[in-house]
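Asks: Chains as they are written, first to last, in the UniProt record's numbering: chain A, 1 to 237; chain B, 1 to 452.
Some clues are possibly wrong.
A partial selection of chain A residues facing chain B, derived with a Cβ cut-off under 7 Å [stated by the list, open to error]:
#: 1; residue: SER121
#: 2; residue: SER124
#: 3; residue: VAL126
#: 4; residue: GLY133
#: 5; residue: TRP147
#: 6; residue: ASN148
#: 7; residue: ALA173
#: 8; residue: TRP176
#: 9; residue: GLN209
#: 10; residue: PRO230
#: 11; residue: TYR236
These are computed hints drawn from the structure, not numbers from a lab. Glycine residues also receive a C-beta, built at the ideal position from the N, C-alpha and C atoms.
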Amino acid sequence: MTDEKSTQGQESGLPATTGEQSSVGVRHGMFGVKGSGDTSGYGGMVTPTVYPAATERPYGGWFDEVADSLERATGGAGVSQAIGSVVVHRGEITFHVAREHLLTVARVLRDDPALRFEFCSGVSGVHYPDDLGRELHVVLHLTSMTWNRRVRVETSCPDSDPHVPSTVSVYPANDWHERETWDMFGIQFDGHPSLTRILMPDDWPGHPQRKDYPLGGIPVEYKGGTVPPPDQRRSYN
Amino acid sequence: MTTTDQTQTNEDLYAGTSETSEGRVFTVTGQDWDEISSSLADGQEERVVVNMGPQHPSTHGVLRLILELEGETVTEARCGIGYLHTGIEKNMEFRTWTQGVTFCTRMDYLSPFYNEMTYVLGTERLLDIEGDVPEKAQVMRVLLMELNRISSHLVAIATGGMEIGALTVMTIGFRERELVLDLFELITGLRMNHAFIRPGGVAQDLPVGALDEIRDFIALMKKRLPEYAALCNANPIFKRRLEGVGHLDLEGCLALGLTGPVLRSTGYPWDLRKTQPYCGYEDYEFDVQTWDTSDAYGRFRVRLGEMWESLRIVEQAADRLAGLEGAPVMVADKKIGWPSQLSIGSDGQGNSLDHIKHIMGESMEALIHHFKLVTEGFRVPPGQAYVPIESPRGELGAHVVSDGGTRPFRAHFRDPSFSNLQATSVMSEGGMVADVIVAIASIDPVMGGVDR
Numbered sequence: 001m002t003d004e005k006s007t008q009g010q011e012s013g014l015p016a017t018t019g020e021q022s023s024v025g026v027r028h029g030m031f032g033v034k035g036s037g038d039t040s041g042y043g044g045m046v047t048p049t050v051y052p053a054a055t056e057r058p059y060g061g062w063f064d065e066v067a068d069s070l071e072r073a074t075g076g077a078g079v080s081q082a083i084g085s086v087v088v089h090r091g092e093i094t095f096h097v098a099r100e101h102l103l104t105v106a107r108v109l110r111d112d113p114a115l116r117f118e119f120c121s122g123v124s125g126v127h128y129p130d131d132l133g134r135e136l137h138v139v140l141h142l143t144s145m146t147w148n149r150r151v152r153v154e155t156s157c158p159d160s161d162p163h164v165p166s167t168v169s170v171y172p173a174n175d176w177h178e179r180e181t182w183d184m185f186g187i188q189f190d191g192h193p194s195l196t197r198i199l200m201p202d203d204w205p206g207h208p209q210r211k212d213y214p215l216g217g218i219p220v221e222y223k224g225g226t227v228p229p230p231d232q233r234r235s236y237n
Numbered sequence: 001m002t003t004t005d006q007t008q009t010n011e012d013l014y015a016g017t018s019e020t021s022e023g024r025v026f027t028v029t030g031q032d033w034d035e036i037s038s039s040l041a042d043g044q045e046e047r048v049v050v051n052m053g054p055q056h057p058s059t060h061g062v063l064r065l066i067l068e069l070e071g072e073t074v075t076e077a078r079c080g081i082g083y084l085h086t087g088i089e090k091n092m093e094f095r096t097w098t099q100g101v102t103f104c105t106r107m108d109y110l111s112p113f114y115n116e117m118t119y120v121l122g123t124e125r126l127l128d129i130e131g132d133v134p135e136k137a138q139v140m141r142v143l144l145m146e147l148n149r150i151s152s153h154l155v156a157i158a159t160g161g162m163e164i165g166a167l168t169v170m171t172i173g174f175r176e177r178e179l180v181l182d183l184f185e186l187i188t189g190l191r192m193n194h195a196f197i198r199p200g201g202v203a204q205d206l207p208v209g210a211l212d213e214i215r216d217f218i219a220l221m222k223k224r225l226p227e228y229a230a231l232c233n234a235n236p237i238f239k240r241r242l243e244g245v246g247h248l249d250l251e252g253c254l255a256l257g258l259t260g261p262v263l264r265s266t267g268y269p270w271d272l273r274k275t276q277p278y279c280g281y282e283d284y285e286f287d288v289q290t291w292d293t294s295d296a297y298g299r300f301r302v303r304l305g306e307m308w309e310s311l312r313i314v315e316q317a318a319d320r321l322a323g324l325e326g327a328p329v330m331v332a333d334k335k336i337g338w339p340s341q342l343s344i345g346s347d348g349q350g351n352s353l354d355h356i357k358h359i360m361g362e363s364m365e366a367l368i369h370h371f372k373l374v375t376e377g378f379r380v381p382p383g384q385a386y387v388p389i390e391s392p393r394g395e396l397g398a399h400v401v402s403d404g405g406t407r408p409f410r411a412h413f414r415d416p417s418f419s420n421l422q423a424t425s426v427m428s429e430g431g432m433v434a435d436v437i438v439a440i441a442s443i444d445p446v447m448g449g450v451d452r
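This is chain A alone, in the form it adopts within the complex:
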């Protein structure tokens, strides 16, 4: 509470990146036109989707303190290499954690006196179908009210094995959030007290927020032509 440093205070002196790029997917063209219909030439454009690369120390500001404390505490807990990579981007710090270490890291973040991230804003899922081997991401936003700091913890699991340990035992607030993420992405949170659907009906097939979920819009017919569902329409990309 007393620490007035806010997450926005990172603008000056951006930390160096490792230079290793995390490319997840490729974008082709500009207008969604494929084949001979494209006379603009833009259809041949290939743009890789590159997310901010892992950051090298120093991260700047209090980020280093948090990273130090986290490394020290997880090392003591007998988990080496718990923190996969750290990304500092736009003044926010993200700790990428392997799923088997998620619970340990969450517990340390909550309980360590130098960290004290006692509040979890919830769980968000993201589906990156082209990030092979780690298609489903689980994102936690943690707040330390003691230190007035925010961090993001991210973990991932493959589509073929959509299991992530549940953090409800550490943050009971995540109960409904994990149910929502299961409902929307099909990520199974092992150890959740009752992982059932929450927003969709109980007998709903599929998980709507996944990128491969068919939208099934009704084609609108007009003078012989049809307007397909939004994910199959021609669009800017």
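For this one, chain A is given, so just place chain B on it according to the hints.
Replies: Just chain B now, kept in the frame of chain A:
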């Protein structure tokens, strides 16, 4: 309603009973409780399960409550949600970043500006234009948000009052809310679903005469707000219904992720406007309202106090706006800023005649630029951002993810109603069934935000 009891024939077409493997099920629609109590009177079973809602006047929208009762004591309370799920987050993935605002404004329908704001702040952070948004846009955002806080708290107090039978609180609450909505209509053109806060600024400038209307409103509210205190603060019936009900202490709030008035009613002054300021809140003078009773009455008093503080901020924002006449309300970067500043012409349409003249008669490039920006939108660099704000109900945040395209790759909203509603069980179990209503009203969930 389920109970194990002996069978009895029932002639009522609308309120029948049936036997199931779980016991006897009554269907009631109101006004026919006598029959149930008489048929239960000779039974040994005291335990009944009441399914309340999803359509019920006291559940704050389409919320379904499953209550297990022993007599009038609630032994277990569970929520069923999802009845208002509309897939807004999924829809936003198929619209441009600017169009996304028109979707998320519809989530929590009592605080539309906050939904827009948190999404827009995340987008601006990804665009790296946080420092470039003009001052006037920031002041207008603060003005609209604080007016919105007043209207939202008015509904919370009004419906909460109605649910315990204080109908006058309801009527005067909606009377004042209407004044706020009139201001919204004047400034944005709509009473709700404004889509007014856009990435880079706001949709248009303050209309002529708006500041006078705002000042009139402030003067009127200063007379009207004391009425709530006079009606409720020391009212013995009101206090006996609210005091000690829905108790949740600080540890419980943190563990269950509760924020907003519920957290502040425990005495902890956590308000993101103070602790992690955004939109220039550090430049305004206001106090964080707290109470120390951790109950429904404390939350009522926190909301009442926050309306006064919001009024203070609105006053300061109006003063600042008076000195910002003619200043820009959209970021100067032409690749992001909406091309035309709308104005209501003599034909009643929202086109700026100067802009139409420019793109149709003077500059082909301006026409192309307008067309490209409106249809294609702008590209947002890849990455993710989460910029939470203090909505009337607590921490509202949008986790926005971009893959570098013209549309959000993912937008997830952490709605405070969703998190806060998890406390229903712990707030109401062990209490009386009538207090469940008060406990939920003190959380003030808005189902549009819960289900999204």
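Asks: Hints numbered earlier in the text: which of these fail when held up against the supplied structure?
Replies: Violated: hints 4 and 5.
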